[in-house]
Structure formats: C-alpha cells, structure tokens
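Q: Each chain, written out:
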Amino acid sequence: MAQLSTSIPQQRDSGGKIRASQLLLYLVLILLAFLFGFPLFWTLSMSLKTPAELFAFPPPLLPEVPQWQNYINLFFVPRIPVARWTLNSLFVVFMTTTGTVITASVVAYSFARFQYRGRDILFMITLATIMLPAQVTLIPQFVLFHKLGWINTHYPLWVPHWFGGTAFGIFLMRQFILSLPRELDEAALIDGASHFRIFWSILLPLCGPALATLGIITLIDSWSDFVNPLIYLNSPEKFTISIGLQFFKNYPDIGGEPTQHLLMAACILAAIPTITIFFVGQRYFVQGIATSGLKG
Amino acid sequence: MEIGAKPLDSSRASSRAGWLSRLVGAKTPYQTRSALLGYLFALPWILGLVIFWGGPILASFYFSFTEYAVLGAPKFIGLDNYVQAFSGDDLFWPSLGRTFYFTIIFVPTAIIGSLVLAILLNQKLKGTNIFRTIFFIPHLIPAVALAVLWIYLLQPTLGPINHFLRQLGVDNPPDWLAGRNSALYSVTIINVWAALGGNTMLIFLAGLQGVPEELYDAATIDGAGVWSKFRHVTLPMISPVVLFNLILAIIASLKVFTTAWVATQGGPAYATWFFALHIYNQAFLYFRMGYGSALAWILATILICFTLFQLWSSKRWVHYEGGGG
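So the sequences go chain by chain: A and B. Residues 1 to 296 (the numbering used here) are what the first sequence spells out, left to right. Residues 1001 to 1325 (the numbering used here) are what the second sequence spells out, left to right.
Mixed in with the good hints, there may be bad ones.
What the hints assert, rightly or not - Derived lysine-lysine pairs resembling BS3-like cross-links, with alpha carbons at most 30 Å apart: (1) A:238 <-> B:1255; (2) A:249 <-> A:238; (3) B:1255 <-> A:249; (4) A:147 <-> B:1075; (5) A:238 <-> A:147; (6) B:1255 <-> A:147; (7) B:1315 <-> B:1255; (8) B:1255 <-> B:1075.
Stated by the list, open to error - Derived list of chain A stretches under chain B, where covered just means 3 residues or more per stretch with a C-beta under 8 Å from a C-beta of chain B: (9) 27-39; (10) 108-115; (11) 141-155; (12) 219-230; (13) 242-248; (14) 273-282.
As the list claims (entries may be wrong) - These stretches of chain A come out as covered by chain B in the derived footprint (C-beta under 8 Å, 3 or more residues): (15) 42-48; (16) 57-71; (17) 119-131; (18) 163-172; (19) 258-264.
Bear in mind the hints are in silico, worked out from the structure with no lab data behind them. The model shown is predicted, which means the values in this text are computed figures rather than measured ones. We put the beta carbon where it would ideally sit given N, CA and C, even for glycine.
In isolation and in its complexed conformation, chain B is listed as follows (with noise of 0.2 Å):
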C-alpha cells in the first residue's frame, strides 16, 4: 500500500515485531508503525467514545435497574423501574401517546412539505437563492428565541394571529398555546414551520440537483407528463434521500423537548408533557437517575426499531444506483 516502505531482512523484521505487527494487522515493520501512528490520530476520538459513549450507555443501563439519587450509591432494584414505567406512572403512557401523536402529524408533513419546496426551488428561477435563505431562517433562530416570539405570535387577546383571524371574522379563535385542547397542535405547528425551510428541504434540493437531466430528455420523449416524471424518475432517483431524511425526522420528532419546555412547560394541566419532558423531569427535577435511565432506554428501543424497520423495509422503495433496487 504504502509506497516508501523498504525491502527490509522479512525473517528478522518479522520476529521482532511480530506479536506487534499481528496485533495491529500489519505485515512489514513499516505498516506497524504506520498502524500505530493511525491510532494514535484516532485517539481523542477512541477516548471520546469510551468516556462519553461507550460508558455512559453501560451505566445507563445499569443505572435503569437501581435506584439512584446522584448522592449516594446507585441501589439495585431489578425490574421496578420498567414495571413502574409501565403500569404505576400516570404520565407514563399519555406522554408516549402525545409523542406518537407528534411524530404522526409532524412526520409527513415536514417531509412532504420540505419536498415541495425544494421543488419549488428547484425550478431554476431567478432569486432562487433568496427565497432558499429565507426560508431556511427559522432554522437559524435558536430554539429557545423561536419557542419565545411563537408564545408572543399566538398570545390569544394581543397577538397578531388571533388579531388576524378576528378580522376575518373568526369570533372564536383558539387560544393556541394557553388552551389545554390546542396546546399539543399549536407545538405541533410551530415544530412543522420551524422544520420545512430547514436541513431537510436542503438535502432533498441536492438529491434533486443530482437527478440527470438525460432521465427528463428521455421520459419527455416518451411522452411522460409532469406527474408521471415525478412519479418514475425523480421519485426513485431521490430515494436515498427520502429514507434518509425520514430517519432523521422521526428520530427529530420522537426527543422532541425544547419548544415545548420553553413554550408550555408542559402544560397547561400536562397537554404537552412530551415524553423527552417526562424523561428531563425525572432525571433532573425530582433527580431519579435510575428511573429517568430507564425512561431513556424505552425510548431508545422505540427509536431503534423504528429505524431497523424503516432500513428493512426500505429494501422495497428505496433505489440506489448501480446495483440493487
């Protein structure tokens, strides 16, 4: 592989560094120390993994079966924390209800809706680039700040929506945030706006920019109209990026935390008691560390299994050039 290494006595080489050299999967002295020069660059990242990765995941696993105050040892309770989850917590299932009904929602709505701007986008038109940084600005305002202007946006009485649906002649429009029925839709919309112009419609814009113009030429010719183009060439052509993205986003959608937390705090009376805002509550209001653990881990199994279903059903629409399919 590399050039500069030199014909070096193999029977001798070999012999003195050999448990070395088969250790690190090298055959000439030359490769070890190339080997060992490889590691040590990999090092702060070999340590970051183990001390903010590797470890942490083990102790939060361990962590989910004890009862644990940060103060103090971590006292084993075997499945108590999961039993408690599961059938003596309240909030437990109503939080995980409100999270699906998130995701369900906020889903395929940012994804189609990120689409289609992208379409829009793409179309080539003059001041593109303009409409692009536009509508990517939610996506630069911290979340903290956006969850605060949404609060003022959507005050029932002063705001400018209501002020806005009043002169439409709307008599009773929803108090958004402050409503215990419309809380969870109103954070629902905000996440949705919030999401459209961001990462998302960037990614689908490249995969759209990479579909070659010939595929158009020739589904032209063969007489294909808009939708039937959309539907055979760019639809399968930006595949990739479809599953991509709709990881991502229900990954996005399943932690949801900050604007809720800034916006509702949760409420009113628990409309928007998202079960990340279950997990941080526990963990780090009450300091139940076992049981925040254990909260953590449900959610990461819900999360993995979404994913390894997605990754095993994408087999079936997903298509990747040259090969598969």
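Just chain A, with the same shape it has in the complex (with noise of 0.2 Å):
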C-alpha cells in the first residue's frame, strides 16, 4: 500500500485528472477525518446549545441560535473557578516548561560534550527511567511531598521538573547537542570562553528547533496532566484545569440550572491551549516525536 503511488508519478496523470485510486483515497481519509473530528464538533455544538436543546429529542446537531454568551456565563458558575483553574494551570504550565526546557539542556550539555567517569551508566540509567510505570514511584513520591508539607500546593507538580526534566528530554536535547560541530566549541575554549558561555552563548542559541520541540511537548503534558492534580490537590480552588473539568463533571446542575453546555464550553476551552499550541509549532513537534522512535 505505502508505495502504491510512491513509483508512479505524483499526484496527476498527464490528462490532469485525478486518479481512481486517489479518489478512493481521498475518501478514506476523508471518512477518518469525520471519525477523529467528529467529537470534538459535537462537543463545540452541545456547548453553544440552550439547556431545553441539551434534553431534546432527537439531538438536534446544531442548536438553532449559537448561544455564545456560554463562553461567558462559564466564568460565573456558582462553586466552579473555570478562571481561576485557568490561571492554577497557566502557572503550573509555565514553571513546568521552564525548568524542562532550562534543566534538561543543561544536563544534555553535560552528556554531550564532557568526559568523565560513569557518565555513560547514568545515561543509561536515564533511558532505563523512561520504561519504568509511574506507580512505583508514585506512592514514596506522595509520601515525600507529604513529609515536606507539599500537599493541596502546586510545587509536587513543577517542582520535580527542575531537575533534569524529563529522561526524555534530556535524550532529545543530547542528541541535538550531539548533531553540532565540536570545532564551534574548541574555537571559543581557544578563544578563552568558559564553558558556561560556550553553552550560553554559542550552543544554546543554535538548538532553538530542539528546545522548542521540547517546549512544546512539556507544554502539552503538563496541561493535560491528571493523575498528579489528582493525587496532590483536594481544595476547588488549587485545582488545575483537568482536575477541575472532573470536578464540574460531577455538577450536571447547580440550584436546578442545568450545567452541561457550561462544562463542553469548559472542555472546548481545556483543549485550545493545546491545539493552538500544536498549530504554531506543528513542525517542530513532529520532528520531535519521530526523533523519539527512530533514535531510540
């Protein structure tokens, strides 16, 4: 199948009509893409319904009047901080990300260019992490976090990160660090850099494409992240956004007001960030996960 069209010539016969067998694939794809957007329009159409439309039948598939005002009125559920979860998340996004990105670089830095005992063992080590299942660390991780007074704050779940990372983003950045010419060091040691600035000024400003791959994969984890929200945060008001959406999950209705189309409109909003995010840096992030199969 992969090299059906791949030896015969692109795309048009010479009469410049489209292929019989392309049209077939075309609608294959086309019938896929109804499969995989399929929720997620409905979702976009429950969430700018009326409450009368949410319980009719038949569904109806679209609500006569768009009712956008939903997007607004979200804000102002009675026991559901849909902002403030917004904000909880942003912060925790953002540290998140920054120790990634900063943390595993630097760490990557020291893999890639320096030579010392037992540095090929804990690379080792770093890889073998990755197939390990959370649930084992995630008990004794609690009890720490416990023991530190960490629980219902946010540190639990940015903190960690400002350690390294992740394995995987530390074996991303290696690799990339790795792809660059070693003479852009030596000329700047010969020219009396230290290797802080080497790394500063010289090899950091050349793996943008790798540091915002890695960006924007911690980007996409951590807002989506549940299990950790899960464990460590019990107050309404210190959940993240994906605590928070199974949280409102459990409101069908406040004070007899049905809530549903409030909560699509919520879970609409959860998935923007990352499907914005997605758009902008689609390239990077596609090379980034093909790196993480073909190298590893």
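Assemble the dimeric complex from its two separately framed chains, guided by the hints.
A: Below, the structure written as structure tokens:
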C-alpha cells in the first residue's frame, strides 16, 4: 500500500485528472477525518446549545441559535471557579516548561560534551527510567511531599521538573547537541570562553528547534496531566483545569440550573491551548516525536 | 580530546591531583577540571534521579513489605501484602484480567490502525498535512475532556451515537459506558480512538518516510507487487519503529487509568476497575501505602517482563540497518 503511489508519477496523470485510486484514498481519508473530528464537533455544538436543546429528543445536530454567551457564563458558575483553574494551570505549565527546558538542556550539555567516569552508565539509567511505570514512584513521592507539607500545593506538580526535567527531554537535547560540530566549542575555548559561556552563548542559540520541540511537548503534557493534580490537590480553588473538569462533571446541575452545556464549553476551553500550540509549532512537534522513535 | 590542554609537567600535576583525576577518570589536570564541570552540569539530574527516582524506588520496595498509612511509621509485615494480593483480595485477579483484556484488544488495534493511517498519509497526496492534523486532534484534547465528551457522545438515550444507531434500525443499542457488560469495551474503544492518530502514527510516518526510494524501485524492477513490497521492503525497514511503538503501547495499556477513572469511576459494578485504578484506590483513597506499593511492584514486574520478552524476541524480527538483523 505504501508504495502504491511512490512508484507512480506524482499526483495527477497527463490528462490532469485525479486517478480513481486517489479518489478512493481521499474518500477514505475524509471518512477518517469525520471519525476523528466528530466528537470535537459534537462538543462544540453542545457547548453552544440552550439548556432546553440539551435535553431535546431527537438530539439536534446544531443549536438553533448559537449561544455564544455560554462561554462567558462559564466563568460565573457558582462553586465552579473556571478562571481560577485556568490561571492555576497556566502557572503550573509555565513553571514546568521553563524548568524542563532549562535544566534538561544543561544536563544534556554535560552528557554530550564532557568526559567523566560514570557518564555512560548515568545515561543508560536515564533511558531506563522511561520504561519504569510511574505507579512505582507515585506512592513514595506522595509520602515525600506529604513530609514536606506540600500536599494541596502546586509544588509537587512543577518542582521535580527543575531537576533535569524528563528523561525524554534530556535524551532529545543530547541528540541535538551531539549533532552540532565540536569545532564551535573548541574555537571558543581557544578564545578563552568558559564552558558556561560556550553553552549559553554558542550552543543554546543553535538549539532553537530542539528547545521548541521540548517546550511544546512539555507544555501539552503538563496542561493535560491528570494523575498528579488528582493525587496532590484537594481544594477546588487549587485545582488545575483538568482536575477541575472532573470536579465540574460531578455537578450536572447547580441550583436546579443545568450546566452540561457549560461543561462542554469548559472542555473546548481546555483543548484550545494545546490545539493552538500544536498548530503554531507543528513542525517542531512532529520532528520531536519522530526523533524519539527513530533514534530510540 | 580537548584542544587547549596545556602540556603541563606531568609528574608534578599527577601527584597533586592524583586521586581526584583517577576518581573522575581523567589523565591531565585540564581533563580533571573538565570532568568536574561535567558533573556540575549533570548535577540537577543526578539529584533528581536520587530524590525522585532512586530514593522512591527503594522506599516503595520497602513499603511493599509494610503496613503504612502515611501518618505514623511503616510497620514491617514481611510478605503479607503479596500474600493478600494473590489470595485474599477479591478485586486483584479480576482487575488484572480486565487490564489484560484491554491490552490484548488495545495494542494490536492501535499499532495496526496507526500503521494503516500512517501509510495512507504517506501517499504524498495534496492536503495530507491537514488530514494528519485532524487525525492528531484527539491526542491534543486533555484526557479528562475526552472522557467527559465521550460520556455525552455515548449517553444511552440522548447521545448522538445511539440516536444514529436507532436511525439505522438498531432497536436496542448498547448502554455503552452505563452498562455492566458494555462498559469495558466502551472504554477500550475510546482509548483506541484516542491513540490511533497520535504519537504512534507520527512515529510510523517518520519511519515510512525514512525508507529509501531505491529499495522500492529495485523491488518494482524485480516484479514485486504492492503486498510483496510491503511485506519484504516496508515492514523490515520500519521494524525498529514497530518495536519501539509496541513497547510503549504495552506500557501505556497496562497503566490505563484516566479515561476509566473519569468516565466510569471503575464501574458500573467494577466493570472497568483496571489494575491502575485498584492501586490508586488502595493508596490514595484508603491510604494503604504498603499494600498499594506491593500492587505497584506487581505491575512493574509484569511490565518489565513484557518489555524484556519483547526485546529478546525482537532479535528474530527486527532488522537494523548496518549490521544485525
């Protein structure tokens, strides 16, 4: 299948008509796009309905009049502080992403450019942590943060990311730094630059694409994280958006007013940052994911 | 290695920094200094490994032999937690069985499905990027939001899917997430749907794009058909990527949690009570940290066995360019 068109001249035949096999392919792709896109479309449609339309039978495909004010009302539901959750999420995501990007590249610099005893073993251990299920470290980490008095704070969500970020991040940055010519470092050394300066002013600026990749992936993972906020946060004003949605879900109506259309609007709101970031940095993102598979 | 190392008087230098150089594996003072800097730059991660990985792994192993409720000290009880898991816990075997059921359906479907999608996208048609993005969207929606929206999509009476099925003439469409017998496969379907167009597909796509054209050209000259080219060129060339995706898919499936936790809370009647939910509930709902740790180690052992088995068996079917095979 993969080779179907690779050995055939590109796209269109001499007459300028699309081939029948390509037409079929487009049909399949459109069908699949419908399959993957419909749930999001339905959520969007529900988020714009009136409460009456929510319970109408048969369920209408689209709202009669799109209720855009749902996206404003969403922020004023009693006991559901959506704005607060969004701010919390933004804070955690910011701290997690900066921590990961900064410390992972420093550690990667060490792995890529220095010779020392134990370096290769350390790198092997780093890769091995990718394979270990998080469940094993979850309980003792909880105990650790409990002893530190960090339960129901945001610290457990971002502080660990300032210690080298993730094994994946270190791996990604190391591969990238290894691909930069060593002559750059050496020329700068001869000119008397310190290692820190070489890292900061010469290598890091060249790492742009890798930093973008790591930043985007960390951002999306951190924004979507559910298990950690679930374990560490227990008062609603501390919630991040993902755990907040779970909380919101348990209140299908508040004070007799149905809230499900607002819940759907909150779901859309929660998906907007990740989808936007993906569109903006699609190239880097796709490259980064591909790297993890090909060089791993 | 490093340019700039000055030819210092070697005997004096080595006697001065002898033990330190040997410790860091360096020969000259310059190398010693550079090695120390290497440790310095790696320090955040070394600390991180000790604090957030090494320490917790040891602690968790110890906890698994204790009774521990966070408040108070762990009380050593030997193998009791493991005995309890294997013979005294009514939810242990069923939750493990459910997790395996999920894995057996999820892994092949997700792997083969993602590969098919990647192949479709690799046909170099116009607009492929748009389709790739659309396929990827489920992966960009936070798992909680996905679970919430599927609750409404699969709602038995007012949901659009059952409405559609009734239009098609299905009189009794399934209750999906709300039914005892249908909840497990519903959660499985949601996870497969969310995984198909995600990272696995992108990794396959990159793998397919890395297969040299010449190989296909050569196969065409030899008279190979479409299937034969796939079987004898594509598949061997992308086999390392298949292995990578397979290992990650199995790890992900044995840890399945969020969709089930949000959409069904493990119900109805424990129908979607997966192993990871069992661990979560024991540890963070009942605060049985010792027992939870024992369960986590059982899961880790299963995962490690799976991974090692795959790495071992992969020697037979994974083809690496430039040696091996």
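Q: Kindly indicate which numbered hints from before are broken by the structure, ordering the numbers from low to high.
A: none
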